[in-house]
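Here is what each chain is made of, one letter per residue.
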Amino acid sequence: DAGITQSPRHKVTETGTPVTLRCHQTENHRYMYWYRQDPGHGLRLIHYSYGVKDTDKGEVSDGYSVSRSKTEDFLLTLESATSSQTSVYFCAIRTSGPSYEQYFGPGTRLTVT
Amino acid sequence: QKEVEQDPGPLSVPEGAIVSLNCTYSNSAFQYFMWYRQYSRKGPELLMYTYSSGNKEDGRFTAQVDKSSKYISLFIRDSQPSDSATYLCALGGNNDMRFGAGTRLTVKP
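Those protein sequence lines, which keep their order, are chains Y and X. For the first sequence, my numbering begins at 1 and goes up steadily by one. For the second sequence, my numbering begins at 1001 and goes up steadily by one.
For reference, chain Y alone in the conformation it holds in the complex:
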């Protein structure tokens, strides 16, 4: 258990509304990631952070923004939710050192109607 929690765990929202998902970690890891998982596509990186206020885009960043004002929290915002953003969202942390081992949270299931 890498001490990662995500909230909410489930959310249903309407098209056009803003949505914020929260990832919280308890072990002070520098790197944090947001992925979405869809059938047939596997996990795709949305945004990642390499420190407080340091973030960068991933493979599928359009329509998403992130913020990291504290080491332990990484927020993902859907600025104006669309049905194509219906997905399962996972947060992950990367342990320190040169390796790429990532550990995942339990996920947030988001439905945009």
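Just so you know, these hints were derived from the structure itself, not from any lab. If you're wondering where the values come from, they're calculated on a predicted model, not measured in any experiment. Ideal Cβ positions, reconstructed from N, Cα and C, are used throughout, including at glycine. Some clues are possibly wrong.
To be verified - Listed next, the in silico BS3-like pairs over lysine-lysine satisfying Cα-Cα at most 25 angstroms (straight line):
no., chain 1, residue 1, chain 2, residue 2
1, X, Lys1002, Y, Lys57
2, Y, Lys57, Y, Lys70
3, Y, Lys53, Y, Lys70
4, Y, Lys57, Y, Lys11
5, X, Lys1042, Y, Lys11
6, X, Lys1067, X, Lys1056
Unchecked claim - Anything over 10 angstroms on all C-beta distances counts as not near chain Y; from chain X, calculated:
no., residue
7, Gln1006
8, Val1013
9, Pro1014
10, Ala1017
11, Val1019
12, Asn1027
13, Phe1075
14, Pro1081
15, Ala1090
16, Thr1106
Fit chain X to the given chain Y structure using the hints.
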């Protein structure tokens, strides 16, 4: 062509069988190779990690990497019903990480 190709299955085997799961990749910059196990409605769980060609064994699990062929495998010996899950390969390098789409495995008692 996707950077990482993984047969989605589904794969169904009897208990006790040897399972072979595979991924191919196209980018030779990948240096780190991982396998994740994901139970239904749960987050992926890191199962195996390696950064070199060859085999790495951990209990009933063996990860195999062939960099020259850009091919990685996960073998599960004496498979159990509790191994029923989706298995994802993951490749990392140059501050990038890519995942396969996952293979769904069912082990029948």
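Evaluation of the provided hints:
Pair hint lysine 1002 of chain X plus lysine 57 of chain Y holds up; C-alpha atoms about 20 angstroms apart against a cutoff of 25 angstroms. Proximity of lysine 57 of chain Y to lysine 70 of chain Y is assessed by CA-CA distance (about 19 angstroms); at most 25 angstroms being required, the pair is judged to hold. Proposed proximity of lysine 53 of chain Y and lysine 70 of chain Y is supported: the alpha carbons are some 8 angstroms apart, at most 25 angstroms. Of the pairs offered as hints, the one joining lysine 57 of chain Y and lysine 11 of chain Y holds, with about 24 angstroms between alpha carbons and a cut-off of 25 angstroms not exceeded.
Annotation: proposed proximity of lysine 1042 of chain X to lysine 11 of chain Y holds, straight-line Cα distance about 16 angstroms (limit 25 angstroms). For a cut-off of 25 angstroms, the pair hint linking lysine 1067 of chain X to lysine 1056 of chain X stands: about 14 angstroms separates their Cα positions. With a least beta-carbon separation of about 8 angstroms from chain Y, glutamine 1006 of chain X fails to lie farther than 10 angstroms from that chain, contradicting its non-interface assignment. Annotated as non-interface, valine 1013 of chain X keeps its C-beta farther than 10 angstroms from every C-beta of chain Y; the closest such distance is 22 angstroms.
For proline 1014 of chain X, the requirement that its beta carbon stay farther than 10 angstroms from each beta carbon of chain Y is met, with the minimum near 27 angstroms. For alanine 1017 of chain X, the non-interface assignment is confirmed: its Cβ lies about 25 angstroms from the closest Cβ of chain Y, beyond the 10 angstroms cut-off. In this structure valine 1019 of chain X is separated from chain Y by more than 10 angstroms, as the shortest Cβ-Cβ distance comes to about 19 angstroms. Here asparagine 1027 of chain X stays apart from chain Y, with its beta-carbon at least about 13 angstroms from theirs, past the 10 angstroms limit.
Its beta-carbon lying about 20 angstroms from the closest one in chain Y, phenylalanine 1075 of chain X satisfies the requirement of being farther than 10 angstroms from that chain. Chain Y leaves proline 1081 of chain X outside its interface by the beta-carbon criterion, the shortest separation being 23 angstroms against a cut-off of 10 angstroms. Separation of alanine 1090 of chain X from chain Y is inadequate, the least Cβ-Cβ distance of about 8 angstroms not exceeding the 10 angstroms criterion. Chain Y leaves threonine 1106 of chain X outside its interface by the beta-carbon criterion, the shortest separation being 17 angstroms against a cut-off of 10 angstroms.
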